[in-house]
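Quick note, the sequences are listed as chains H and R, same order.
Counting from 1, position 148 in the first sequence corresponds to residue 148 in my numbering; the numbering is continuous, with no gaps.
Numbers in my numbering are just positions in the second sequence, counted from 1, shifted up by 1000.
Because the hints were derived from the structure by calculation, they are not lab data.
Ideal placement from N, C-alpha and C gives every residue a C-beta, glycine not left out.
Possibly wrong hints are sitting among the right ones.
Stated by the list, open to error - Selected chain H positions facing chain R (Cβ under 7 Å, derived; list incomplete):
#1 Met-20
#2 Gly-28
#3 Val-32
#4 Ala-46
#5 Val-49
#6 Gln-63
#7 Cys-88
#8 Val-90
#9 Thr-92
#10 Cys-95
#11 Gly-98
#12 Tyr-102
What the hints assert, rightly or not - Just the calculated beta-carbon pair ranges, DEER-fashion:
#13 R:Glu-1405 x H:Gln-2: 32 to 40 Å
#14 H:Gly-14 x R:Asp-1100: 43 to 51 Å
#15 R:His-1392 x H:His-81: 32 to 40 Å
#16 R:Met-1070 x H:Asn-73: 42 to 50 Å
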Amino acid sequence: MQKALVIDAGKCTGCKQCEMACSYVKEGEFNVAKSRIRVFDFHTEARFVPYTCTQCAEAWCQQACPVNAITTNADGTKIVHENLCVGCKVCTIACPFGTVNYNASTGKVIKCDLCLGSPACAEACPTGAITFQDTEQAGFDKMKVWASQAANAATHEGANVPTAKG
Amino acid sequence: MNYVVLGAGPAGVTAAETLRSVDKNASITIINGEDEPQPYSRMAIPYYIYGKIDETGTYLRQQEGHYDKMGIAYRVGRCGGVDPQAHKLHLTGGEAISYDKLLIATGASPIIPNMPGSNLEGVHTCWTLEDAREILKHADEGAPVVLVGAGFIGSIILEALYLRGCKITIVEYAPRMVARMMDETAGGMLGRWCKKKGVDVRVSTKVEAIREGSDAEGAKLTVELSDDTCVPAALVVLAVGVRSNTGFLVGSGIETNHGIKVDNHLKTTAPDVYAAGDCCEGIDLSTGKPDMLAIQPVAVEHGRLAALNMAGKVTPHEGSLNMNVLDTMGLISSSFGLWQGAPLGKTARLIDEENFKYLKLEFEGDKLVGAQCVGMTDHVGMLRGLIQTGFHLGEWRDTLLETPERLREAYLAVAQSRPNYGPAAPHTNTPIAKAG
């Protein structure tokens, strides 16, 4: 069963525990600049929005990679293979969500890989703003219906994912 | 069905794989014009030059036996001509190959500037893996190297040579670096950055001639410049631009302009012949007009779309977004879409010359149509998202005109303008892949 990160920004208090947990698990240091998940702060509205990769079904980053360094695992997660990544950064401009970032200290790109099944951000979130759920329970079918009615909606395929189709 | 794909770059390989995904039984053959064991990526060459990867690291696909597993035949051969009426192509050795449908994805080749000495030993283009092998023979640590051309490709090679420890002079005819990718402010920053790193940057300068012999240690060539100076070189790398590979189509009836002419289904003017990637002029999303956008993501988009159309799955191409990202010895820059700005459009600028940071946003009405960044990499893909989706920014446009650094907030605000529930919610306005 596919699981996905469910983000309810309304519950986010901007504590950034998710960023700290991500950075620590992925980089071995508490450096939010290297977190795969980022909490965006709307200064004027006191609103916080956690934001990370949605694991697109047909991922733009993956298609743009010139050396096959981004692959899909059995759960549909898009993984960057550090041994293959040359650090060309084409994926960072190709991802229209801006969720692949360059890490200058390694010369490679980084993106969310859902911690290969147990995301540290969801475990660290004290308010339930970030949870890791089965896609059906998370109401994705409802979301699909709703989204398909929305103006400019893209078709959704797979778990939670916008496709790269027009 | 017998599909033949001429060219083994990202366009050709993506096309062959896409054809296989929609037609399990077809015969699919990729013909590589370069004698290499596997299709490789030119994008990876700079990283091969400075030793970050070995040759196998440049391969477009990394899985052992990938093409065999997909039932894609791979062979080497150079095309000498195409006969669309007979549904045949001829290799330069004389062999004729029949096809039912043909994809031309022959890419581009570097332009050799018309100057004395451009054919001397030690003067190379940097385009193919074979070029890279030759360059490695000369580009030793401390070796004086003259790089002719400070465009996008020249600047990428610059980094590789710098990391090898070469002593570099870069000569550019235009008044700034990367003149076709970024404006004066960004190009000026890059130039200053390069000088700071010890690279001798000569803009508004032309190479008059390259001659054999030099008095300088470790050099065997002398490069004469239009500023009346001479620069010694162990290696001269030519990177003044590329041109579509279409010469073999003369007399075929397949019409060409700068590149092969294609319609909005990537079909050429000949029956059952399609084209993709650097060799053709696909539609530029920003202008709606045909243009040669010689970048990796466009090659992949073209390859995929051409293949779908070849297989009868009619999929129009609405245009590809021009975009580039460049690492110049640690200073990272990117540009998207109409970075020069739109007529009657508005511009937002954030300039920090001292810290080599620059962000420029170009608007048409309340939509973002182009952007440039220097020294900023976090979430830059959002720029593509905003431009390609054509989000109406509404009042956020005015906010961005005053404070362009609030770009990420603006992106989230317009992309998440609907209820925030579940990971799908932020993406109800998913950037529409015109060609994904």
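Once the shortest beta carbon distance from H:Thr-92 to chain R is found, is it less than 7 Å? 6 Å, holds
Just to be careful: measuring from the Cβ of H:Met-20 to every Cβ in chain R, is the smallest value less than 7 Å? 17 Å, violated
Given H:Gln-63 as an interface hint, is its Cβ closer than 7 Å to any Cβ of chain R? Constraint on H:Gln-63 satisfied, holds at 5 Å.
When the least beta-carbon distance from H:Gly-98 to chain R is tested against 7 Å, hint result: With a closest approach of 3 Å, the H:Gly-98 hint holds.
Between R:His-1392 and H:His-81, does the C-beta distance stay in 32 to 40 Å? Roughly 38 Å apart at Cβ, these two residues keep to the hinted range, so it holds.
Would you settle whether the hint for H:Val-90 is holds or violated, based on the nearest Cβ-Cβ distance to chain R being less than 7 Å? 6 Å, holds
Return holds or violated for the Cβ distance of R:Met-1070 and H:Asn-73 against the range 42 to 50 Å. 20 Å, violated
Range hint 43 to 51 Å: satisfied by the CB atoms of H:Gly-14 and R:Asp-1100? 60 Å, violated
Interface hint for H:Gly-28, Cβ within 7 Å of any Cβ on chain R: 20 Å, violated
Quick check on H:Ala-46 please, does its C-beta sit within 7 Å of some C-beta on chain R? Status violated, d = 13 Å.
Double-check H:Val-49 for me: the hint is only fine if its C-beta lies closer than 7 Å to a C-beta in chain R. Where the cut-off is 7 Å and the nearest Cβ of chain R is about 5 Å from H:Val-49, the hint holds.
Restraint check, 7 Å cut-off on beta carbons, for H:Val-32 near chain R: Since chain R brings no Cβ nearer than about 11 Å to H:Val-32, farther than 7 Å, the hint is violated.
Violated hints, in rising order: 1, 2, 3, 4, 14 and 16; the structure is consistent with all others.
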